Amino acid sequence: MADLESGYNIIERIGTGARSTIFKVVDPKTGETFALKRVIREPHEDTRFLEQACTEHDIASQTSHTYLRKSYEIKKIRRMLRLTEVQVVMEYVQGVSIEQHRPTEMTEIVAIFLKVAEGLDSLHKIGYLHTDLKPNNILVCLDGSIKIIDFGQGCLIGTRKPRIQGTPDYIAPEQVHRKPLTQRTDIFNLGATLYWVLTGRAYPTLISKTSPARSLNLVAAPRGVPSPQELNDKVPAPLSRLVMESCQERPQDRPRDMKLVINRLEAVHHLLNRGQRDDKKGPPDEKPGNDKAEDHEPHIDDETSYAGIDLSGFGVVGDDDSTLLSAADEAFDPDRDAHKDHKAARKNPDKSKIRRTT
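Counting in my numbering, the sequence shown runs from 1 upward without gaps.
The set of hints was computed from the structure by calculation and includes no laboratory data.
Computed from a prediction, not measured in an experiment: that's the story for all the values here.
Certain hints may be false.
[Said to hold, decoys possible] What follows is a set of in silico ranges between Cβ atoms, one per label pair, in the way DEER data are often shown: (1) H270 x E73: 36 to 44 Å; (2) G158 x V26: 35 to 43 Å; (3) I157 x T107: 52 to 60 Å; (4) L231 x I11: 38 to 46 Å; (5) R102 x E45: 32 to 40 Å; (6) Q252 x V26: 46 to 54 Å; (7) K29 x I157: 34 to 42 Å; (8) K234 x T84: 44 to 52 Å.
Where a beta carbon is used, it is the ideal one built from N, C-alpha and C, also for glycine.
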């Protein structure tokens, strides 16, 4: 096959995304195998997907942890001074996503997510968040190890994004409300992903693609969500509690950092390996000296106490669910009514004056 502009020989296409194609390639000089992500800007399209490819390289090129896919090289291609294509050369991983092959054995599930938590913890230590953890972004390799992939929506800890980014069914409330993102954002994404693996059901997040009504409930988190143990009696009680605490609406009600999640997963892993499980009590969830999340009354933020907004007319397009998220961006904009009034005033000044004075 033809060579890419980055100088690598294409072996085969191994994946596609919303605006990207991933190839297995070989460096003709060394014979080494890599994965190459190619993102091409369509005519009249913004640079969003190109920017995500650049972000992925910026973050993944700084990682060294074995459970995070590394990025080695980026090439930005311009046509008439306009950025039209980005090629990112990454570590080639032989594995399958847990979305394609959902594990069912409890010891295997805990072992996988213990590694995921360790990978995310290492990312947090260098100051970055993933913010888009989901089943499709966790690969289980042939040797039993795992790789977390796709850092295109990653950001520095504490970032407040100008638009909604994430994946429906796994997105944290603070991502929807465009509030500062922290380690607890990744903890929510991990908890929602683990909920799906353990139950086969999506956790009811504020933006959901599995809900028949496809509605946004901006008032509060869903009430009465069944725990993983209620849906799957093989789930140990301590693991079920960890998942539900990780998916709490308020970040401060979740485990404080990924290290605490690791400690609790290690306790469950040890319990399973010993073959002793107590469905009612289990071992202590917290190690001595660890802070436990305080109990809080249900809370509704003034900024986000809107009525539910139906998005049933919007479809889900591409891997990034961009149509649904774009609709959500508008729905969750606190100034959206002011924007509409402003447009109406520009269209018909007389009518807008009447509406404001009646």
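Going through the hints against the structure:
1. With their beta carbons about 41 Å apart, H270 and E73 fall inside the hinted range of 36 to 44 Å.
2. Between G158 and V26, the C-beta spacing of about 40 Å keeps the proposed range 35 to 43 Å intact.
3. Between I157 and T107 the C-beta distance comes to about 32 Å, which lies outside the given range of 52 to 60 Å.
4. Checked against the hint of 38 to 46 Å, the pair L231 and I11 passes, with Cβ atoms roughly 42 Å apart.
5. Checked against the hint of 32 to 40 Å, the C-beta distance between R102 and E45 comes to roughly 34 Å, which is consistent with it.
6. Take Q252 and V26: their Cβ atoms lie about 49 Å apart, and the range 46 to 54 Å holds.
7. The supplied range of 34 to 42 Å is met by K29 and I157, whose beta-carbon atoms lie about 38 Å from each other.
8. About 51 Å separates the C-beta atoms of K234 and T84, a value consistent with the hinted range of 44 to 52 Å.
Against the hints set out earlier in the document, a violation occurs for number 3 only.
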